[in-house]
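Asks: Residue numbers (the working numbering), protein chains in the order written: chain A, 1 to 114; chain B, 115 to 226.
Since the hints were derived computationally from the structure, they do not count as laboratory data. Glycine included, every Cβ here is placed at the ideal spot set by N, Cα and C. Some clues are possibly wrong.
[As the list claims (entries may be wrong)] Facing chain A, according to a computed beta carbon distance under 10 Å, are these residues of chain B, among others:
no.: 1; residue: Phe124
no.: 2; residue: Tyr147
no.: 3; residue: Gly156
no.: 4; residue: Leu157
no.: 5; residue: Tyr162
no.: 6; residue: Ser163
no.: 7; residue: Ala196
no.: 8; residue: Ala206
no.: 9; residue: Thr224
[What the hints assert, rightly or not] Heads up, simulated DSBU-like pairs for lysine-lysine below, C-alpha to C-alpha not over 30 Å straight-line:
no.: 10; chain 1: A; residue 1: Lys106; chain 2: B; residue 2: Lys123
no.: 11; chain 1: A; residue 1: Lys68; chain 2: A; residue 2: Lys101
no.: 12; chain 1: A; residue 1: Lys49; chain 2: B; residue 2: Lys128
no.: 13; chain 1: B; residue 1: Lys171; chain 2: A; residue 2: Lys49
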Amino acid sequence: AQSVTQPDIHITVSEGASLELRCNYSYGATPYLFWYVQSPGQGLQLLLKYFSGDTLVQGIKGFEAEFKRSQSSFNLRKPSVHWSDAAEYFCAVGAPDRDDKIIFGKGTRLHILP
Amino acid sequence: NAGVTQTPKFQVLKTGQSMTLQCAQDMNHNSMYWYRQDPGMGLRLIYYSASEGTTDKGEVPNGYNVSRLNKREFSLRLESAAPSQTSVYFCASKGQGTDTQYFGPGTRLTVL
Numbered sequence: 001a002q003s004v005t006q007p008d009i010h011i012t013v014s015e016g017a018s019l020e021l022r023c024n025y026s027y028g029a030t031p032y033l034f035w036y037v038q039s040p041g042q043g044l045q046l047l048l049k050y051f052s053g054d055t056l057v058q059g060i061k062g063f064e065a066e067f068k069r070s071q072s073s074f075n076l077r078k079p080s081v082h083w084s085d086a087a088e089y090f091c092a093v094g095a096p097d098r099d100d101k102i103i104f105g106k107g108t109r110l111h112i113l114p
Numbered sequence: 115n116a117g118v119t120q121t122p123k124f125q126v127l128k129t130g131q132s133m134t135l136q137c138a139q140d141m142n143h144n145s146m147y148w149y150r151q152d153p154g155m156g157l158r159l160i161y162y163s164a165s166e167g168t169t170d171k172g173e174v175p176n177g178y179n180v181s182r183l184n185k186r187e188f189s190l191r192l193e194s195a196a197p198s199q200t201s202v203y204f205c206a207s208k209g210q211g212t213d214t215q216y217f218g219p220g221t222r223l224t225v226l
């Protein structure tokens with residue numbers, strides 16, 4: 001079965017600094033990969049997704065992620081964070097050749113320093 | 115389109131009571147999911163249904179039952195609620211293949 005790990009529970013960056021959130025997955029073949037964001041008290045919003053093709057994926061709000069098969073990773077990046085980016089971020093993995101089950105990581109809470 | 119709707123939005127139960135959380139989608143999606151969200155635990159999959167008439171266990175199915183009533187509706191039942199089931203419950207749906215999961219607004223459940 002697929003699994004996903006987000007090694008960092010909390011990350012703090014200064015406004016305007018660059019950001020990288022880590023995500024590692026476990027799956028025997030090429031998985032479906034997702035990043036979601038959740039603001040306090042809100043639902044989940046899809047930032048971006050990878051199914052196949054170009055390994056660098058562009059998403060909304062200036063985010064991007066890169067699929068690296070050799071490292072089993074799908075890290076989320078943003079060149080310059082804004083205070084409004086403070087939220088919790090979830091990586092998720094799906095198993096396209098098995099079933100429709102989609103598993104989420106435990107999340108990384110992003111704090112922004114003014 | 116309303117997307118994915120969930121009822122109720124809030125619920126307080128006493129230990130041992132039963133209740134059913136309702137979820138419906140109007141996007142003609144095949145797959146539907148129930149997750150629970152707890153602090154520090156992310157979203158954990160309770161049950162999912164890859165198509166009408168089928169259901170499968172996820173990561174944390176104990177204490178729950180589900181029914182895929184038709185293509186639109188996927189309900190989650192707590193037969194005898196326990197304080198450990200205090201959580202926020204999210205329903206989601208997805209079309210076939212590479213489609214994206216769409217989430218409902220969530221149900222905040224407290225079991226006293």
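Asks: Each hint: holds or not?
Replies: Structure-based check of all given hints:
1. Interface hint status for Phe124/B: violated, as the beta-carbon distance to the closest one in chain A is roughly 12 Å, over 10 Å.
2. Given the 10 Å rule on beta carbons, the hint for Tyr147/B holds: about 7 Å separates it from the nearest Cβ of chain A.
3. Annotation: Gly156/B was flagged as interfacial toward chain A, and the flag holds, the nearest CB pair being 4 Å apart, inside 10 Å.
4. Given hint, Leu157/B at the interface with chain A, holds; its Cβ is 4 Å from that chain's nearest Cβ, closer than 10 Å.
5. For Tyr162/B, the suggested interface contact is upheld, since its CB lies about 6 Å from the closest CB of chain A, less than 10 Å.
6. Proximity of Ser163/B to chain A holds as hinted, the smallest CB-CB distance being about 9 Å (cut-off 10 Å).
7. Hint status for Ala196/B relative to chain A: violated, with the closest Cβ pair at about 22 Å, above 10 Å.
8. At its closest, the beta carbon of Ala206/B sits 8 Å from a beta carbon of chain A; the interface hint therefore holds under the 10 Å criterion.
9. Evaluation of the Thr224/B hint against chain A yields a violated restraint, the C-beta minimum of about 15 Å exceeding 10 Å.
10. With a C-alpha separation of about 23 Å, the suggested pairing of Lys106/A with Lys123/B holds against the 30 Å cut-off.
11. Proximity of Lys68/A to Lys101/A is assessed by CA-CA distance (about 22 Å); at most 30 Å being required, the pair is judged to hold.
12. The hinted pair formed by Lys49/A and Lys128/B fails the criterion: a straight-line CA distance of about 40 Å is larger than 30 Å.
13. Our distance criterion of 30 Å between C-alpha atoms is met by Lys171/B and Lys49/A, whose separation comes to about 24 Å.
Of the numbered hints stated above, those contradicted by the structure are hints 1, 7, 9 and 12, listed in ascending order.
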